[in-house]
Each structure stands twice: as C-alpha cells, then as structure tokens.
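**Student:** Now for the letters of each chain:
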Amino acid sequence: MNDTPTFQLDGASVPFEPGQTVMQAALSAGHYIPHLCYHPEFKPHGSCKLCTVKVGGRTAASCTMPAETGLEVESDIDEINALRRTLVQMLFAEGNHFCPSCEKSGNCMLQALGYDLEVHTAGFRHLYPDRPLDASHPDILLDFNRCILCELCVRASSEVDGKNVFALAGRGITKHLIVNAKSGLLADTDIELADKAMQVCPVGVILKKRVGFSVPIGERRYDKRPISEQALDDAPRAPAGARHE
Amino acid sequence: MDSEVNPHAAYLDRILDRYGCAATNLLQILREAQEQNGYIHPDAIDYLIVKLRIPRARIEGVASFYSFLHLKPHGEFRVLFSDNITDRMLGSIELMHKMCRQLWVEPGKMSEDGLVSIGTTSCTGMCDQGPAMLVNGRTITRLTHQRVQEIGQLIRNRTPLADWPADFFRVHDNIRRKGLLLDNKLAPGDALCAALVLGTQNIAETIKTSGLRGRGGAGFPTGLKWEACRNAADTNRHVVCNADEGEPGTFKDRVLLTSHADLVFEGMTLCALAVGAQQGFLYLRGEYRYLLEPLQAVLQRRREAKLLGKNILGHAGFDFDIAIHLGAGAYICGEESALIESLEGERGVPRNRPPFPVTHGYLQQPTALDNVETFCQAALAIHMGAESYRAIGTAKSTGSKLISVSGDCPRPGIYEYPFGVTVREVLQDCGAVNTRAVQISGPSGICVSVHEFNRKLGFEDLPTAGAFMVFDDSRDMFEVARNFVHFFAHESCGFCTPCRVGTSMLKQTMDKIAEGHGTKHDLSEVENLDHVLQTGSHCGLGRTACNPILHTLKHFRPAYETRLKSLDFEPAFDLDGALARARQMTGRDDAGAHIEAEKS
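As they're listed, the protein sequences go chains R and D.
In terms of our numbering, the first sequence opens at residue -14 and continues consecutively.
In terms of our numbering, the second sequence opens at residue 109 and continues consecutively.
If you are wondering where the hints come from, they were derived from the structure by calculation, not from laboratory data.
Don't be surprised by glycine CBs; every beta carbon is placed ideally from N, CA and C.
Be a bit skeptical, because a hint or two may be false.
To be verified - Calculated pairs, DSBU-like style, for lysine-lysine (alpha carbon to alpha carbon, straight line, at most 30 Å):
id, chain 1, residue 1, chain 2, residue 2
1, D, 159, R, 148
2, D, 286, R, 39
3, R, 167, R, 148
4, D, 180, R, 148
5, R, 39, D, 414
6, R, 167, R, 28
7, R, 209, R, 194
8, R, 167, D, 662
9, D, 316, D, 159
Stated by the list, open to error - From chain D, some residues computed to sit far from chain R (all C-beta separations above 12 Å):
id, residue
10, 157
11, 217
12, 244
13, 268
14, 293
15, 417
16, 424
17, 580
18, 688
Unchecked claim - Among chain R residues calculated to face chain D with C-beta under 8 Å, some are:
id, residue
19, 31
20, 32
21, 76
The shape of chain R in the complex, shown without the other chains (with noise of 0.2 Å):
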C-alpha cells in the first residue's frame, strides 16, 4: 500500500494509479471537481473546462491532466470556482437554455451545476442562436438549443455503439452538433433507444418522446441533492473500504 503514488488535491492525500488522470484519481478516491463533459466510461478530451484546477501556479483541466506524484492540485478555491461560474454563464449565453418549459429540468448537470456553484445572474448579453429542434424520429427528438458541444454523445455513439450517429461540424462559435444522415435528420441513421449515446446528454438535447414528465419536477435527481453530493455515484470506485463516506 505504501508504494501507491500519491498527489495532494485541496490538502488531501489523493492515491492514483499510473496512467491515471487527476480527474479519474479524485473520482475514485472519492474527491468530486466539477464537470460536464467528463464521463468516466469515456477518454476525456478537456473540452467545456468546468475541471480547470490550478496546479503549481498554472492551470490546467483536470480530467485530461496526467496525475503525477508530488502535484499539489488546488481545486476548490475562490479563483477556480469564480472562473467556472463564468464558464456555466457563457454555456447558458451560448445555447437558448429555458429551464422552467425544459423537461430536462431536475435532471440536467448544467442547470445543476450552476445551482451549485451559486451561479445567480446570466453575467453575458445571450445569443439566441437560430437552432431549429429536429423531431423527425418516431421515439427520439433532438433539441439542439440545448447542447453544450460536451461530445458525449458523439464520443458514446463511435466507442461503444459503433455508430457515428453524432458529429461536430462548424466551427467557433458556430459550432454545431449535426446527425450522419444526408437529409439532416435523425429518423435517417440508425440510431435506437437502446444505443449509449441516448443515456449521456448531460442537458435536454436526446430526449427520448412520451415521458418528459414521467417523473415530476421537484422530485428529479439533482431536485433532491445537489450534483456535488451526487457525481462521485457515477464515478467508478475503488471496491473495498478504502473510502469513508
């Protein structure tokens, strides 16, 4: 046990195995850093940057970030919390986000995560981008106001369904996510209800049609604790009791 290198986040002793990023190391030593397009069953790619901790004086993401011994990882401290709450207002600014007509709401990591960073006003002038919903597949509908550019979806659909249903195209802020069909619309791929890539929208773009609100607002996931008590469920752990909860 003693051989296991270790790095320290926030003044915690945090252990890791080689190859490990300091995002997967805190999540399975039970240390939760805040994340969107984060998912531990995927290769992380830094994207959105809700990780950003601050190591040695610079910053970096976290979840792409190799874990090394002796790193001394600041993470929740004004400065980092200050910036990924910016970070959330410009998410918020980028897409047209409606969380009182959104049946996502409750269950959305984005609107959780800015409850739990404080996020209190929108801080930028929005920018309604012009994103039209695509309905066009019997069971599935796709609301692209909502996407945050997170890729999991993209990234669910090549490694695990070995589909490529979803793609990034566009560039900038015009960036967009689009479907691999020559029409445009998601009834021509060949995408199911069954497939990974409809289980990770961390906001209300892959919905699935006819039960938005089989569970009530009010009594969703992130409704009854926040998303900061609630990620490391998600994080695969280490199985005996090396932890304490």
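Given chain R, put chain D in place with the hints provided.
**Tutor:** Only chain D this time, still in chain R's reference frame:
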C-alpha cells in the same frame, strides 16, 4: 447501386487515386473535389463515404470546419476581400461595398442568379501590396477602384479566371533589406553536403550550439526539438514544415517560399537526416494556393538532382521525400498540434499535450515540426557552422529575423535584421513618420507605443513571428483592436468553452462600445473575460485573444473612453437598434422611427 451511376465518380476516382484512397488525406481530397463544382456536392460525399469507409458526418464535420470549403453552392465566382486591419486602412471595405453595389449582391451572400458571392476573409498575407482579395482561391493584389470595377465586369461577363489579366495576380516579393538569409549564395545541396560531412549524429548538436530558436514565434530551441524527435522510440518519423502563415500582418514565409524554396526544402531534408525521418510534409496555407505548382516544380527538380528520394546525394539509406498539403482557411492550423490534425484529414482542433508532437505527432509518430524560416536558418547554420552563426544576433536570439513590415509607411515589405534591432530602426528604414503604435507579431502579439520604440526585437524583449504593422497618428487604435477581436472570434476553433464563447463575448463588447453604448462596466468586463480566457483556454489562441484590447487600453485609453457613455451601466439591448428591421420593412427612416429622436 447509387455509386455505380454516381456522376461524380470519374473525377473523384482520379483524386482518390492520387491520394491513395486514404482518409488521412480527406482535407486534400475535399479541396480538390471542390475545385470541380465550386462546392462539395452531396452526391460526391455519397461516393466518398463508400470509398474512404468513413461516416458522412465526419466528412461534413471536416468540410464545415474550414472557411474555404463549402457544402452548398457559393457562387460561380467566390470573392473574398482580405480583412486585415492593413487592408482596411487601404480602403478594402469601401471597395467591397462598391463591388457589391456593382454586382447587386449583399456582403456574405450569393447573388440570386448564383453567379457571385462577396465576403471577407482573414488576412491573406498580402499586407505589403493590399488591399487584396481571393477569387475562387486565387490571390489578387493592389486593388483600386478601377481594378475592382474591371473585376466586376469580368465576373458579370463570366470570363474564366484563366483569361483575366495576369497583372492582377502578380505578387511582388518587396524585399527591402537583406541579411544572411535573403543574401545567401547557397546552391541546392550545399547545406546537405555540409551536413553529411558533419555526420548525421552531429546535426542536432550543431543546431543546439548555434542557439537557433523557432521562428514561428514561440522560440523553442530547434536543436532540442530535433534531438528529442531522434531519440523517440518509434522509428517512423516525420518532418513537417509549418507554412500556414496565418498571423495577420505576416508574409515573410510567402517570400521565402517564392524565392528561397530550395533553402526551405534543404532545411527540411537535413532535419530528416538529423532525426531519421523518411516522410516530410509542407503544410501550405490555402491562401497561398498559387504557390503550389511552383513549389511542386522545385520538389521535382530536387528529386532529379538526387536531393530528394532514395539514397540522397548517393548516401545509402538516406531516403526522404516531401509532399505538399494545402490548408483551407483556418488560422488555428498554424498551432502545431492542430496542423497535425489537419494533415491527418481532421478538423483542426489543437490536441491535449502531453504527449508532444516530437514523440506523438503525425499518425502518433515522432514529428519534427518547424516554421518555414526556421528550416532556412537551420540550413544556413549548418553550412556556416554553429560558432559563426551564433556570433550574429544577441545572446539568447541568435541569427537573423525576417520582419514583415506593413501599414503606415512608404516602403512596406520584407526586412531582414540580426536579432536585437530596435523598433525605431525598423521604422526609420521603412520611412514611417508620425508613428503612433506598432503591432509586433500580429494580433496575438504586443502593441508598442512611442515611448517603447527603443525596445528590441528578440526573445529577450519583443519576441516576434515577424509581423510589424505600423499605425500613424491618424489611426484610431480602438478600431485596430476591434478588427483583431473580430479576427479571433472568427478563427476560434470552438473546441473549448472559454475561447468559443469568450471571443464572441469580446466581439460583442467591442461592437457595443463602437456603437456608442459602452460603459465603464464593459471595460471591467473585458478584464474579467481576459482572466477567464487566459486561465481556461485550451491553446494559445484563447489565451492571447484579449491582448489587443488590453494593450490598446493600456496605451490608448482615451480612444475607448471617448466612446463610452458616462453611465456605469448600460444594457446591451439597444432599443433603437431593435427597430432597425421595422424601419427596413416599412422603408421609414424619419425621426419618428427612432427612439433617440423621440426623446429629444
């Protein structure tokens, strides 16, 4: 069944053959496919999906990343005015509107008859002979009212580009001051012979001793890079020349590729010898498409002279060749890992590092990637010897540097100096008077004002990739900064949140101030955004996107303050502006149709 009758099969087969039907060449394949119809036809994509065995969404994702590729018809003639601040200072915007009126088309849109589209593009690297434009990818320089008028007429008459006056397309070198590079008398092969005498193992060491640092701006020691590449475990190694000269105001690589292409390829070849690479790429920015055929002719000549190919100069086992890949309008591909993604036929998104390209570059194999000028300097350093080379320049910036001078001066062009030259000396040589500011190394660089003109170009003081844009006292530095901010927003790859959204927010703020709705609050918001971009961004584009505002605010605060409202806060929502569409629809523009006017 579709593919059997696909009308695009014939030309696509020719292109696919040339590129080995490999998806890693997707960008090149799409670029050539587009030359057929002016855009990439959806049915052509049907064929590529089958042949390249990649999903349609990937092809569309790649094509839509690059400004010069189109998935929809974009006009028989696609006119793009270069939109660097230096082009604007020479009247490019007025010329564009003139042409739009002449051809009855709105900027950014295609004409109803599908004949023409007119828009803007990021700096085309012709700042010393602007205003410039691209027509169907071909560079036209020195635009005047008369020339624009003639071009409009040629377009209206549907005259093929090949029949336009040759003078339109002439690009001058404008070399104004020569030094060890531009004055070199090396014959093809001279530096390679010197390298072979030196011995393969000693090349990187010699480059290290010479003190040579990368000329792309970052200044990484070239010898260290080559050594790390040579020591990488994988023996499939590559040499890549970054000729994606996209930094607005920079055009020295254009001149090197025009008049010193042999030296560029010679530097690449001796790099290949040093690191043990067999394959080389020159990644040429799409704006320099006109250089493709001349460069290929130089490569062919070098093959015939045994300076490329198998057993170079009769040296058994010294095998190396170079392919040219063209970019397609994406500034971000000047970032080395984005360039490699683009070389592999992907969207030009910068990679996560580590690992670095020297160990995991092209195809995840060791790759020595350097700037055009760096390869030239390396060849010179090997030929003249490390000690002679390091005697030139300063202690930490050895050798010479090519400076691309443009803006308010009578003699814009290329100036070569030993490192350590002051801003003032360059200004004197180019004849600039009443200079208010100089933008060193492009929008991501540094803006220096009069009291700093004694500062020196070099890694110790003012590091530069070569851009030197001069602004005299008639210029509004706020508008300079606003142009740069628009540039960054247009060129952000969109991968990470802070840069994708932050650059757009910056643009919005600058436009708000320009329209007269800015307040002190907006200036403090810029500082907040700067912190977010600096600490959160994935790569250098985002980290430097605030520089133009911060630097001009530091030196030219009044240029901003005269535009501000005295209020501490003013909503971004513009009541009067919201009525613009209603005014347009009703054809009204009288006082009663304006909010401001009603108040008074």
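**Student:** Against this structure, judge whether each hint is valid.
**Tutor:** Okay, the hints, checked on the actual structure:
no.: 1; hint: D:159 to R:148; in the structure: holds, 18 Å
no.: 2; hint: D:286 to R:39; in the structure: violated, 46 Å
no.: 3; hint: R:167 to R:148; in the structure: holds, 15 Å
no.: 4; hint: D:180 to R:148; in the structure: holds, 26 Å
no.: 5; hint: R:39 to D:414; in the structure: violated, 53 Å
no.: 6; hint: R:167 to R:28; in the structure: holds, 28 Å
no.: 7; hint: R:209 to R:194; in the structure: holds, 24 Å
no.: 8; hint: R:167 to D:662; in the structure: violated, 51 Å
no.: 9; hint: D:316 to D:159; in the structure: violated, 46 Å
no.: 10; hint: 157; in the structure: violated, 9 Å
no.: 11; hint: 217; in the structure: holds, 16 Å
no.: 12; hint: 244; in the structure: holds, 21 Å
no.: 13; hint: 268; in the structure: holds, 31 Å
no.: 14; hint: 293; in the structure: holds, 44 Å
no.: 15; hint: 417; in the structure: holds, 38 Å
no.: 16; hint: 424; in the structure: holds, 41 Å
no.: 17; hint: 580; in the structure: holds, 32 Å
no.: 18; hint: 688; in the structure: holds, 16 Å
no.: 19; hint: 31; in the structure: holds, 6 Å
no.: 20; hint: 32; in the structure: holds, 5 Å
no.: 21; hint: 76; in the structure: holds, 6 Å
Hints 2, 5, 8, 9, 10, counting from the list given before, are not met by this structure.
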